[in-house]
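Starting from the structure of chain A, add chain B where the hints point.
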Amino acid sequence: DAGVTQSPTHLIKTRGQQVTLRCSPISGHKSVSWYQQVLGQGPQFIFQYYEKEERGRGNFPDRFSARQFPNYSSELNVNALLLGDSALYLCASSLDGFYGYTFGSGTRLTVV
Amino acid sequence: EDQVTQSPEALRLQEGESSSLNCSYTVSGLRGLFWYRQDPGKGPEFLFTLYSAGEEKEKERLKATLTKKESFLHITAPKPEDSATYLCAVQGKILTGGGNKLTFGTGTQLKVEL
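From first to last, the protein sequence lines stand for chains A and B. Take the first sequence: its letters are residues 11 to 122, numbered as in this note's numbering. Take the second sequence: its letters are residues 24 to 137, numbered as in this note's numbering.
Do not rely on the hints blindly, as some may be mistaken.
[Stated by the list, open to error] Heads up, simulated DSSO-like pairs for lysine-lysine below, C-alpha to C-alpha not over 27 Å straight-line:
id : chain 1 : residue 1 : chain 2 : residue 2
1  : B       : K116      : A       : K62
2  : B       : K82       : B       : K134
3  : B       : K65       : A       : K23
4  : B       : K116      : A       : K40
5  : B       : K82       : B       : K92
6  : B       : K102      : B       : K91
7  : B       : K65       : A       : K40
These are computed hints drawn from the structure, not numbers from a lab. Treat the numbers as computed from the prediction; the structure is a model and nothing was measured.
In isolation and in its complexed conformation, chain A is listed as follows (with noise of 0.2 Å):
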């Protein structure tokens, strides 16, 4: 069975540009959530997605969006990219957004 799915792997973008990552769940999960991990520092909770609707956002700008599709795969975006963007981004997917999160391994942006 495939894991849960993160595209690309790694980005290098520029100051004030915009970028989208992209995570397929595990099949059969209806919940995404995503976190951001800067360098030596635990995962921070960015958003959460269940049957396509959010159920719930930390505390970050409104820089940040996402979205979930029809066949629950998921959407981060974020606008007017900053140095302090710069981090791994993950995806957990869960089969109800409560039980048991199965992270990807994650895109390593880096805003220069």
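This is chain B only, laid out in the frame that chain A set:
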């Protein structure tokens, strides 16, 4: 606000030298305490979920325990392949939206040497 504190920040062990990692937490309405292992440049790998004080779970050389204020990850006779960062997280309810989120600690970086 939910908070998780892990100690020590880093731990160096000799192969076979058992030890424990600590995770202290505060959360309004615990919906599970999670332990993950993370290798450099990879996503966290699930180890255990504990839901109530007194609960214990084991997997190979690892054993996780939970009290009302903290959790311990005991590592018995570790091997070099156990070297990784171990993350603790608590699941709490998101007040607006009704979802759930994990709040992570900063992790314990474990190095096991021959």
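Hint check results:
Our distance criterion of 27 Å between C-alpha atoms is met by B/K116 and A/K62, whose separation comes to about 18 Å. A distance of roughly 19 Å separates the Cα atoms of B/K82 and B/K134; the hinted pair therefore holds under the 27 Å criterion. Using a Cα cut-off of 27 Å, the hinted pair B/K65 and A/K23 holds, with the two alpha carbons roughly 21 Å apart. Among the hinted pairs, B/K116 with A/K40 is consistent with the structure: their alpha-carbon atoms are about 18 Å apart, no more than 27 Å.
Between B/K82 and B/K92 the alpha-carbon distance is near 23 Å, which keeps this suggested pair within the 27 Å criterion. Under the criterion of a C-alpha separation no larger than 27 Å, the hint pairing B/K102 with B/K91 is inconsistent with the structure, at around 30 Å. For the hint linking B/K65 to A/K40, the alpha-carbon distance of about 23 Å falls within 27 Å, and the restraint holds.
The structure shown violates just one earlier hint, number 6.
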